[in-house]
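Trainee: Each chain is listed here by its residues.
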Amino acid sequence: GENVEQHPSTLSVQEGDSAVIKCTYSDSASNYFPWYKQELGKGPQLIIDIRSNVGEKKDQRIAVTLNKTAKHFSLHITETQPEDSAVYFCAASPGNEKLTFGTGTRLTIIP
Amino acid sequence: DTAVSQTPKYLVTQMGNDKSIKCEQNLGHDTMYWYKQDSKKFLKIMFSYNNKELIINETVPNRFSPKSPDKAHLNLHINSLELGDSAVYFCATRAVREGLPDFGPGTRLLVL
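Chains A and B are the protein sequences, given in the same order. The working numbering numbers the first residue of the first sequence as 46 and each following residue consecutively. The working numbering numbers the first residue of the second sequence as 662 and each following residue consecutively.
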């Protein structure tokens with residue numbers, strides 16, 4: 046089955062700086078790569094996803110990149126703000142039916 | 662209106678008890694899931710239902726039994742609760758062939 050590794054497990058950045066979270070996956074059949082943000086006491090919320098037919102996708106301050114050859118994908122958050130503080134999860138799926146999640150990154154934005 | 666709702670939000674119970682968690686969605690989605698998030702925040706799928714039919718059943722103890730009375734509901738019944746069942750349980754839904762799962766707010770289960 047799919048195995049997703051995520052790094053780092055914790056990340057602290059100064060407000061206004063950029064944050065980068067990286068994930069690797071094992072199943073070459075995976076073609077859906079979503080990112081979820083989980084705030085304290087809430088369920089994970091989808092923030093962006095990338096499909097295997099593109100290498101990069103951007104939505105305002107958030108961007109994701111995908112390298113299918115190396116089986117890794119990354120989340121980039123620019124101009125970080127205090128409300129970006131949360132736990133972020135990457136996930137991979139060989140169709141969007143069953144997601145395998147990474148272990149999460151706790152991002153703290155320092156004012 | 663909340664798209665995916667779960668009840669109860671918190672559940673504290675004794676070992677050996679039987680309890681149920683309910684999930685309701687008003688999105689009209691065909692697929693519903695249960696995920697378990699452990700104390701280390703690790704999220705793992707437990708079950709998936711599509712139009713009331715079981716699609717995915719991961720290696721979950723048979724003390725856990727999902728029930729889907731209709732397309733808008735997927736309940737989780739747990740028999741003989743154990744300490745290791747303490748976790749946050751998330752219901753999620755997805756429209757067929759498009760989109761990715763939308764998660765509910767979670768039910769925090771604590772077994773004493």
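FYI, nobody ran anything at the bench for these hints, they're computed from the structure. Careful: at least some of the hints might be erroneous.
Here are the simulated lysine-lysine pairs, DSBU-like style, with alpha carbons at most 35 Å apart [to be verified]: (1) 143/A to 103/A; (2) 670/B to 701/B; (3) 67/A to 680/B; (4) 670/B to 67/A; (5) 701/B to 113/A; (6) 103/A to 728/B; (7) 683/B to 713/B; (8) 702/B to 67/A.
Trainee: Each hint: holds or not?
Mentor: So, going through the hints one by one against the coordinates:
no.: 1; hint: 143/A to 103/A; result: holds, 24 Å
no.: 2; hint: 670/B to 701/B; result: holds, 19 Å
no.: 3; hint: 67/A to 680/B; result: violated, 38 Å
no.: 4; hint: 670/B to 67/A; result: holds, 32 Å
no.: 5; hint: 701/B to 113/A; result: holds, 28 Å
no.: 6; hint: 103/A to 728/B; result: violated, 39 Å
no.: 7; hint: 683/B to 713/B; result: holds, 15 Å
no.: 8; hint: 702/B to 67/A; result: holds, 17 Å
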